[in-house]
Amino acid sequence: MAQVKINPAAQAGAPKGSRPFNRANLDRNKIILWLVLAIVLLILPFASKPFFELFGPTVFSSTVSAVNSTLLFVLLALGLNIVVGYAGLLDLGYAAFFAIGAYTMGFLTARGSKLFDLLHTNPLTEVLTNFWVALILSFLMAALFGVLLGAPTLGLRGDYLAIVTLGFGEIVPITINNLTQVTGGDTGLSGLTQPDLFGYQFSASSLEGWYLVTLLVVFFSIFMIRRLVNSRIGRAWMAMREDEIAAAAMGINLVKTKLLAFGLGASFAGFSGAIFANSLGSANPSQFKFDVSVLILSMIILGGMGNLWGVIAGAVVLSMSDRYIIPFLTEQVRHFADSIQLQTSIVNGTRVTEPSAIKDILTNVGTNSRLLIFGVILVVMMLVRPEGLFPNSRRKMELRAAPADDPQALIPTDPMTQADEFRSINYNPSDVTDQSGNPDGDKDIKA
Amino acid sequence: MNSLPVQLVLLIVWLGLGAYGTFMLLQKGYRVNSLKSLAYYVAPVVAILYLIINQIQPLNASWPGNLPGVVINIALGIILLIVSPALLIAAFLVPTQKNLDVSARALQRDAFVRMRSRILLIGAIFLALMMPLLALSLFRTAAPSELRYDSVISVMINGLLSGSLFALIALGYTLVYGIIELINFAHGDVFMMGSLVGFTVINIMLGTQSGRPVKAGTPLFMVILAIVLALIISMVFCGFLNYLINRIAYKRLRNAPRLAPLISAIGVSFILQNIGLYLISSAPQGYPVMFPNATRVANTDVVSDILDNHDSLITIPVTGILVIVGVSILLLGLSYLINQTKTGKAMRAVAQNREAAALMGISIERTISFAFIIGGALAGAAGVIYGVYQVQGTVRYDLGFQNGLFAFTAAVLGGIGNVNGAVLGGLFIGLIYSLSQSSFFGLSASFLDLSIWAPVAVFGVLVLVMIFRPTGILGENVQEKV
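Sequence order for the protein chains is A and B.
First residue of the first sequence: 15, per my numbering; consecutive thereafter.
First residue of the second sequence: 36, per my numbering; consecutive thereafter.
Just so you know, the hints here were simulated from the structure itself, not pulled from any lab data.
Keep in mind that this is a model prediction, so the values were computed, not measured.
Think of the CB as a built atom: it goes at the ideal place given N, C-alpha and C, for glycine as much as any other residue.
Pairwise CB distance ranges, derived in the manner of DEER restraints:
| # | chain 1 | residue 1 | chain 2 | residue 2 | range |
| --- | --- | --- | --- | --- | --- |
| 1 | A | Ser245 | B | Gly368 | 57 to 63 Å |
| 2 | A | Gly126 | B | Arg287 | 48 to 54 Å |
| 3 | B | Leu264 | A | Pro341 | 40 to 46 Å |
| 4 | A | Ser219 | B | Arg504 | 50 to 56 Å |
Facing chain B, according to a computed beta carbon distance under 7 Å, are these residues of chain A, among others:
| # | residue |
| --- | --- |
| 5 | Asn192 |
| 6 | Ile315 |
| 7 | Gly389 |
| 8 | Leu397 |
| 9 | Pro400 |
Sample of chain A residues with no beta-carbon within 10 Å of chain B, all distances over it, derived:
| # | residue |
| --- | --- |
| 10 | Arg42 |
| 11 | Leu51 |
| 12 | Ala61 |
| 13 | Leu68 |
| 14 | Ser76 |
| 15 | Leu132 |
| 16 | Glu222 |
| 17 | Leu226 |
| 18 | Leu242 |
| 19 | Val269 |
| 20 | Lys270 |
| 21 | Asp336 |
| 22 | Thr344 |
| 23 | Gln346 |
| 24 | Val347 |
| 25 | Thr358 |
One chain only, chain A, in its complex shape (with noise of 0.2 Å):
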């Protein structure tokens, strides 16, 4: 399925092959590549079943199921990539358009819910409460919930903006917690109505089902972000990030390009938030609390800002880490625990158990550690290699800001990491010089 999506994608590009940024479109080479990533991507759940098998029995479902988080996640990374990394609007309560996503989803496919039966009894609406349909509605209610935030914060900038979209990111989840006669509060909404295609029933368990349409869907949005980004609209987001106001002397509509920036973001959150809450047949308040906004972000900035395929790999890599990882040391950790013999002791005919301070404190540490480690990844990413691990090259100047008045410094020497970079065609060092050297450029947050 996915070939079908990528090979338009690459010649999509061709006939606009005079514009020089659309120029790498027109390799073979790299059509060629997308079409064998996509094919070894698709058959790769078969292919490695028996591999994986060799492991254990659950090993196959849990690698999947983990990969399955780790596809919505680079769904969500991408999204919160075009509001962060490209328009440069800091949002920390992007887990609020996940929820929406997967409430939307929840509304129009939950047997419990009063909208499903009411769509569902009368013949010309029943299509809404198809998987398919309420997918793009879902995509749809995030976008519009996207501009309806973000209108109210077009005026703001920086931390304050910060602030504000964190307290949406609160508000939405206490909010869908507290109207429990809709939303069924902290139990939240069940028995989604899951999706039959050619025959194919999904189920909560058909992971490899789920797997198929979720890279579909990341397919189907890399191709999206690519087109985008090379187009008016990104390079607006691009200019509006480094400097508003000389946007805006440019002729940029700043209301425009900032709503857009907020809907089309907002967008991603609501197919990965559908999705998430219909492979799982449910939708709970707890699933999108702020460590989820904040996971995102770390993938981001981990992966690289402003990078596509650097905020891609953070996704895989801190989603990984999360579900698999993780819980796979920790889990070593525990075993090796639970192996350590108590020493016990017969006192006054009765037998004691001694207490072992190691057992206890390795317990402790197997059971939670989870956060210790992401604040440690947050923390030294910060300190050690504050652009991320695939660093936008703008980015990566910005952030190694070199004296001023030596411009070459400034001069990224690797020009593979400037794949995605309309400027690194007409490239002027002066040019960049003026944008990143200058010690009293405005110290706004530039993402």
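Given chain A, work out where chain B should sit, using these hints.
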């Protein structure tokens, strides 16, 4: 104790101090030193004591028949509840810069006019908050207990008490933001660590366990000693912790874009939460019940017990006195530190203009570290006072998250970077939270149960303030640099 002379003396003292404070305010505006600030602060404290002791007995006994009595009491209540906080706020609101240039007198007059309008605004907001409640309590003949006048007062007093704790935490946010423009997300968790340290110290001192009353026969002296020791140890610990956080996680990022230290702060917050989780696991723990009537469960009121007046609905746990005394001492100390000492002067200078301060020979890094230490110490003290005040199931590893956000909202509401604003904002947030948590309007149907909407009310205030007045109530308008 509930005799007429005591009441009269207290009333006269309060009126005298209040009148003196108002007079000073109207006459001189801002030439107020810490002694006079003390006077302003004492007035409302005395007022609250007066209120507790007075108890408004005749009103409750004859509700709703005694209309004149009701009106008089409500008027008294309005005066007490509006004038007292207004005076309290005024004490912190008044700029206390001593060395103002004489030629800047016109500027001073402008500042004075602005300040007066702010006081009026605050009074109006208080009135707006109070009036519907009072009107409701008047017109409902069969007043349910939560609509009774003294119940309203009780809720407001408790709101102000917890608000003053928010203020202590908010000060840490605002001190740091004022100097390095960093939202220190880890600050709420420093507060949590403070609460935890105090918990440990008190348990060791008194040999108690989580949430249990202290052993019978423990002398009161010992309990107070334990609390004071816990306060001191917690303040030192949290000051040092905050210093370390600054040293390790923020110092190297001084010249990085704003986002980098912000993310680093979130990381530190996660680390501290996890340390808390290691230390006390995920089950909530509680400070030992140290005073016989301090538990909230029975909704008892130690003052009512003393006065043998069980009809009153004013419930203030005896630990509220600790809050008043502790917070007053800390705030006065901070006020002295910032306004009178050389270090405080350096802090103000660095906040105003870092480069110029550095040129004047002020060590920027030392000043920043000092701000972190002060903020941490205040958060540590707040942690202990919070634990002693709230008692039941309060020490949790994620205690700092919501309280930190509320305190941050308070700092933003008052005008982030503004020390007086943080105190004002803290009191406001405490009031808003407390009022929205109680069910005054009888809206306790499951759909509109107000208590579950209290966080939404606070965050709603945060969003509204940010959208309509991002500089907060007391914040100055900052010119946008291009």
